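Protein chains: 2
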Amino acid sequence: MAEPRVSTIDGKLAQEFAIPSHVEEVKDKMTDFAKRHAAEGRRVVVITSGGTKVPLESRTVRFLDNFSSGRRGASSAEYFIDAGYAVIFLHRHRSLYPYTRMLSNINMMDALQFSSAGAASNSGEVVVNQQVLPNITKVLKRYQEVKERRLLLPIEFSVLSEYLHLLRAAAQALSTIGSKAMFYLAAAVSDFYIPASEMPEHKIQSSNGPLQLRLNMVPKILSPLVKDWAPQAFVISFKLETDATILLEKAQRALDTYRHQAVVANVLDSRRGYVMVVTPETQAELILTEDDVKNDVEIEERIVSNLTSAHKKFIDQ
Amino acid sequence: MAEPRVSTIDGKLAQEFAIPSHVEEVKDKMTDFAKRHAAEGRRVVVITSGGTKVPLESRTVRFLDNFSSGRRGASSAEYFIDAGYAVIFLHRHRSLYPYTRMLSNINMMDALQFSSAGAASNSGEVVVNQQVLPNITKVLKRYQEVKERRLLLPIEFSVLSEYLHLLRAAAQALSTIGSKAMFYLAAAVSDFYIPASEMPEHKIQSSNGPLQLRLNMVPKILSPLVKDWAPQAFVISFKLETDATILLEKAQRALDTYRHQAVVANVLDSRRGYVMVVTPETQAELILTEDDVKNDVEIEERIVSNLTSAHKKFIDQ
Numbered sequence: 001m002a003e004p005r006v007s008t009i010d011g012k013l014a015q016e017f018a019i020p021s022h023v024e025e026v027k028d029k030m031t032d033f034a035k036r037h038a039a040e041g042r043r044v045v046v047i048t049s050g051g052t053k054v055p056l057e058s059r060t061v062r063f064l065d066n067f068s069s070g071r072r073g074a075s076s077a078e079y080f081i082d083a084g085y086a087v088i089f090l091h092r093h094r095s096l097y098p099y100t101r102m103l104s105n106i107n108m109m110d111a112l113q114f115s116s117a118g119a120a121s122n123s124g125e126v127v128v129n130q131q132v133l134p135n136i137t138k139v140l141k142r143y144q145e146v147k148e149r150r151l152l153l154p155i156e157f158s159v160l161s162e163y164l165h166l167l168r169a170a171a172q173a174l175s176t177i178g179s180k181a182m183f184y185l186a187a188a189v190s191d192f193y194i195p196a197s198e199m200p201e202h203k204i205q206s207s208n209g210p211l212q213l214r215l216n217m218v219p220k221i222l223s224p225l226v227k228d229w230a231p232q233a234f235v236i237s238f239k240l241e242t243d244a245t246i247l248l249e250k251a252q253r254a255l256d257t258y259r260h261q262a263v264v265a266n267v268l269d270s271r272r273g274y275v276m277v278v279t280p281e282t283q284a285e286l287i288l289t290e291d292d293v294k295n296d297v298e299i300e301e302r303i304v305s306n307l308t309s310a311h312k313k314f315i316d317q
Numbered sequence: 001m002a003e004p005r006v007s008t009i010d011g012k013l014a015q016e017f018a019i020p021s022h023v024e025e026v027k028d029k030m031t032d033f034a035k036r037h038a039a040e041g042r043r044v045v046v047i048t049s050g051g052t053k054v055p056l057e058s059r060t061v062r063f064l065d066n067f068s069s070g071r072r073g074a075s076s077a078e079y080f081i082d083a084g085y086a087v088i089f090l091h092r093h094r095s096l097y098p099y100t101r102m103l104s105n106i107n108m109m110d111a112l113q114f115s116s117a118g119a120a121s122n123s124g125e126v127v128v129n130q131q132v133l134p135n136i137t138k139v140l141k142r143y144q145e146v147k148e149r150r151l152l153l154p155i156e157f158s159v160l161s162e163y164l165h166l167l168r169a170a171a172q173a174l175s176t177i178g179s180k181a182m183f184y185l186a187a188a189v190s191d192f193y194i195p196a197s198e199m200p201e202h203k204i205q206s207s208n209g210p211l212q213l214r215l216n217m218v219p220k221i222l223s224p225l226v227k228d229w230a231p232q233a234f235v236i237s238f239k240l241e242t243d244a245t246i247l248l249e250k251a252q253r254a255l256d257t258y259r260h261q262a263v264v265a266n267v268l269d270s271r272r273g274y275v276m277v278v279t280p281e282t283q284a285e286l287i288l289t290e291d292d293v294k295n296d297v298e299i300e301e302r303i304v305s306n307l308t309s310a311h312k313k314f315i316d317q
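Protein chains in written order, with my numbering: chain P, 1 to 317; chain L, 1 to 317.
Think of the hints as simulated: they come from the structure by calculation, not from any bench.
Possibly wrong hints are sitting among the right ones.
Treat identical chains as interchangeable: a pair holds within one or across any two.
Claimed, not checked - Below are the DSS-like pairs computed for lysine-lysine, each with C-alpha atoms no more than 30 Å apart in a straight line:
id, residue 1, residue 2
1, K35, K294
2, K220, K147
3, K203, K239
4, K250, K203
All figures in this text were calculated on a predicted structure; none of them were measured in a lab.
Taking the hints into account, I'd like the entire structure generated from these sequences.
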């Protein structure tokens, strides 16, 4: 394959966004991971998940953030693995994590207890109360299996600059496996940032009066990702709006602009029960019924099922 | 006691910061908690902990945040309880929590395992691997004891407006126990906000170009807290700076302005090993030695020891 040409965004990334010191090491890890799994016949998906931090000061006390628990990315990772994929999980530090997410809504101390008397040989053991966590056996088994088979490679970011450089590294790493690679860009990435050159070093003093901030637009990384870094991959972006009336148009405009394969479009308030998968030719509405919700069906199962089928067709073409 | 006079900040709070629907209910809970413990001879401390979110849109996708894991507040709560206090823990949703904080740096799934064979009566049990969590027995015991004795009342906030209204409610609730009340204001509260009236409803569109933000200054709530809401309480504020050269002066200026009892002053980079406790008359430096660090001594133990002594003197006067 030809060396990807240096686009203006590559230059901007190098200039205005601090390069994480471990990026080359992570890239090697991702390359090995992708090659190994592709050799074993697996497709590989890079899932981005969680929000990005945008620092307002270089010794950061304050930052801009995006609403995102990482729920969609974490649950999707599980369904991709169930569908036979290997997953690179590029996620915000402390956002929800596959399998472990089941522990996120409780105080874990409330789910632990000392092992009951009677089992004298085990006295002093701390056990999980399975009335508090009824699915723990099933989920822990699956977690251990996935770990044992090394199907999940977790990579963390916190700030926007880490996200941007690590995603580029992931794209370059996965360019080695061509169309077997999928990008599922579910992270809530900031559209705005303060360039390093305009950032104060120290904590902004409130005694100086009201705060004026001027934020630049973050370069649209989807463009070089599709054109230059991983041109053969199957790429899905996400569109979250609060205003449903502009959603479809924005999804279609994104496909026109970036020429990737699909947009998963959703509205903040209804995102757990309704999404639209938009491609240049089709629009599929995925909806959870009341029965689905009762049976703990998650919409990510439907999204992943839709996209893995589309990816298969894409590869076969 | 006379009805607290309506200061301008009360008016501002009502006008510009949405009142949480459960604030009266929480206030009653806090009042009961404080009275019960004071009647049993305990002092009561309100600890605020974690950062505050400042939304940029009313259907919030983006927000400003403050760097804070909630570590200092969560560990201090444990030491206050050890010192005989009852604790109202007013903390940011998902920030570190007393006792449970020991689980925050691991993936909990990595600390769980299926109970070993041999103990047949326990088959199917999920147990904590005490090689991963060597202190779990001690900490779980203490957690259960504190819960049983109802020494810790957790109250959550996420956004700045919740924090402000809940802190006022806490101050009013604790005014019923006079000087037995302490406020330990460790939360990292935003100095800036966007008033509801100037906030766009929908997600800010990046296609409109660079983002200009103008943020107002958050009213200094310490002033009515000390003067009006809980005038007999022992009040400690915190000062975090990145620039060590302005720290002491800023602490002293705060004491001059607000007339409270103490400032815990610290610098971002060294905050885990060094703080200054500044009162109108004294400055005490608290420092962890290398040996302390080796022995897992936490600086919060020293801070709490210093302040509980000072609180005792304050009550006896």
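How the hints compare with the structure:
In this homomeric assembly, K35 and K294 never come within 30 Å of each other (Cα to Cα): the closest approach is 40 Å inside a single copy and 43 Å across copies. Neither within a single protomer nor between protomers do K220 and K147 lie at most 30 Å apart by alpha-carbon distance, with minima of 34 Å and 50 Å respectively. Taking identical chains as interchangeable, the C-alpha atoms of K203 and K239 lie at most 30 Å apart only when they sit on different chains, with a minimum of 12 Å there against 33 Å within one chain. In this assembly of identical chains, the alpha carbons of K250 and K203 lie at most 30 Å apart only when taken from different copies (13 Å versus 37 Å within one copy).
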